[in-house]
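Chemist: Given next are the chains, with one letter for each unit.
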Amino acid sequence: MASKYGRTARSSAFQWFAHRITGTFLIFLLITHFWVQHFDRVTASISHDVVTHDQAETGVLPRYSDEAAAAVRASQARDGQRAPETPRVVPAQDSRFGQGDADAPGPTHPPAENAGPEPYDVLMLRLADPVYAVLWKGFNLLFLLFALHHGFYGLNNILTDYIRNDMARVGATALSWTLALVLFLVGAYSVIVAGL
Amino acid sequence: MAVAAPRATPAAQPVQRYKVRTGMFAWMLHRLTGLALIGYLVLHIWGLKSITNREAYNALITSYHAPIFKVGEFLLLGAVIYHALNGLRIVLIDFVGWSPNQKRLFWTLGAVAAVLFAVGGYPSLAALFDYLNG
Chain Z
26 MASKYGRTAR
36 SSAFQWFAHR
46 ITGTFLIFLL
56 ITHFWVQHFD
66 RVTASISHDV
76 VTHDQAETGV
86 LPRYSDEAAA
96 AVRASQARDG
106 QRAPETPRVV
116 PAQDSRFGQG
126 DADAPGPTHP
136 PAENAGPEPY
146 DVLMLRLADP
156 VYAVLWKGFN
166 LLFLLFALHH
176 GFYGLNNILT
186 DYIRNDMARV
196 GATALSWTLA
206 LVLFLVGAYS
216 VIVAGL
Chain S
-18 MAVAAPRATP
-8 AAQPVQRYKV
2 RTGMFAWMLH
12 RLTGLALIGY
22 LVLHIWGLKS
32 ITNREAYNAL
42 ITSYHAPIFK
52 VGEFLLLGAV
62 IYHALNGLRI
72 VLIDFVGWSP
82 NQKRLFWTLG
92 AVAAVLFAVG
102 GYPSLAALFD
112 YLNG
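Here the protein sequences come in this chain order: Z and S. If you want my numbering, it's the 1-based position in the first sequence plus 25. Residue 101 in my numbering is what sits at position 120 of the second sequence, and the numbering runs on without skipping anything.
Isolated chain S, as found in the complex (with noise of 0.2 Å):
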């Protein structure tokens, strides 16, 4: 839980800094991922509810393949798998505290994401790609 820190007197400093390093944009970039997918995730399960109903159902699904929803589903992938391999990363801390290098399997694994996003996106990304070139 939290403890009450004795605060910096405000004069001096009026406004919290934090140093971004590495390791703190992961966190936070974990935790702003971790927002996006919880909206994402209500949405999703709220709109599904027409799953019960043939037209409602057929109207849902019709509305994923709108210009927009291809963009906003690369997106999706992209926090996914940022949320997915940095929480692997986490998780393999804390039960086998496994510490490697981490900058350097932040890194790695930036890259291994890369090429997860590449193959997953491609569906989205063509589909858009034809669209686009009539």
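Here chain Z stands alone, though its shape is the one from the complex (with noise of 0.2 Å):
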């Protein structure tokens, strides 16, 4: 950028600029995010429940609320498909807690229960509206973008400052630089194909 000091390549007053920029924009973001993945009753990911590891080993998923599960049900009817779902097979009350053989036979978890939706059903309830499915693709690029620039560039104030090395600073710099990248191409794919 010019500036009265003559061009210089190595400001990074518009990157200090985008810092706060992009700080502030992300709290709206969190936001959201956190409402939409842990308080949202019918689109959340995260549901009240606990699985432990053995529990997930044994193929338990995690319950979701009855709002989400209506919501599921009425999305797949809609789309004439997995219609009136068979009922998923959760090992025995028993040993979901720890007591009694894990070969004892299920299920015995009440019917509803057993037809729950899993994490990934939950999820396309966002992206089944196609409307939504792109501003919800939008608002997550974005998301990432904002998320990834700001940290790298925190990143790097704090590698910045500790290196003392003029190599070693370099190569940190264009290190973690190449990492935000790749994670941009990996998150933004991840975006894009969900769904489709």
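If you are wondering where the hints come from, they were derived from the structure by calculation, not from laboratory data. From a predicted model like this one, the values you see are computed outputs, not experimental measurements. Cβ coordinates follow ideal geometry from the N, Cα and C atoms, glycine included. Heads up, some of the hints might be wrong.
[Said to hold, decoys possible] For each label pair, taking beta carbons as the anchor points, the in silico distance ranges come out as:
(1) Z:61 - S:53: 13 to 23 Å
(2) Z:185 - S:112: 37 to 47 Å
(3) Z:199 - S:103: 36 to 46 Å
Put the two chains together into one complex; each comes in its own frame, and the hints tell you how they fit.
Modeler: As structure tokens, this is what we get:
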């Protein structure tokens, strides 16, 4: 950037400015992300349920709210696919809580619970409507870009503060921004192809 | 950029000492939470590659329901809230030259953070509490 001090390619004034802008935006992006993933009764990916590693090994999936289950059923009925789902086999209640043998016959959960949606079904609720899918993908791409720029610019502030060797500092900067670019490409790919 | 400062004679001052006051503490915590958040961001983006596959995604989200993850989620929320509020304070100072009583502001924001922490952390803690009580 040109300034009264002459042209200096190393000026990071724009980066500094962008750091504050992305930081402010990230507060709102994070609140939305947090709300959708944890508080929204229908679309939350993280439910009020705990699944231990051992349970996960036996194929137990987290339980979702009745609202989420109803929304998934309605969505699948609309699409005319996977209609009335066969009850998911869940290990007996005893084995879920560490008593009795793990081979006990299931399912012993109430039928409604066995038919509960899978995490992937809940995710697809948000991507089922084409308009919302585009909006959510745009939101997530912006979120991804801002989070990576903010995080890696901040990381570079720390690296340049503590790495005193010039070569090592340049190396660390190049390596960290390369990692950021790889993560952006991986993340953008995940966001774009999700649900397609 | 860093300027090479004349070093104190090594014998007289072998270790650099800092006086950690509120502002210094706020700055250190901002850096530490920032580093923690980058670490989580990298793992999170890498993990979400599985979003393209039903089975892999189900397994990932199920692992997010592990007891240890509920604890981690709570700590993550704490890091995010601190970093966000302190960052907002920095932005206001930088952009509008806002300079109220900084120490009082720091502790006031601390109280706001505690409330956000309680409200936002409720889902993780309640789930964990129910799990521990059968």
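Chemist: All the hints need checking, so say for each whether the structure fits it.
Modeler: How the hints compare with the structure:
| no. | hint | in the structure |
| --- | --- | --- |
| 1 | Z:61 - S:53: 13 to 23 Å | holds (19 Å) |
| 2 | Z:185 - S:112: 37 to 47 Å | holds (44 Å) |
| 3 | Z:199 - S:103: 36 to 46 Å | holds (43 Å) |
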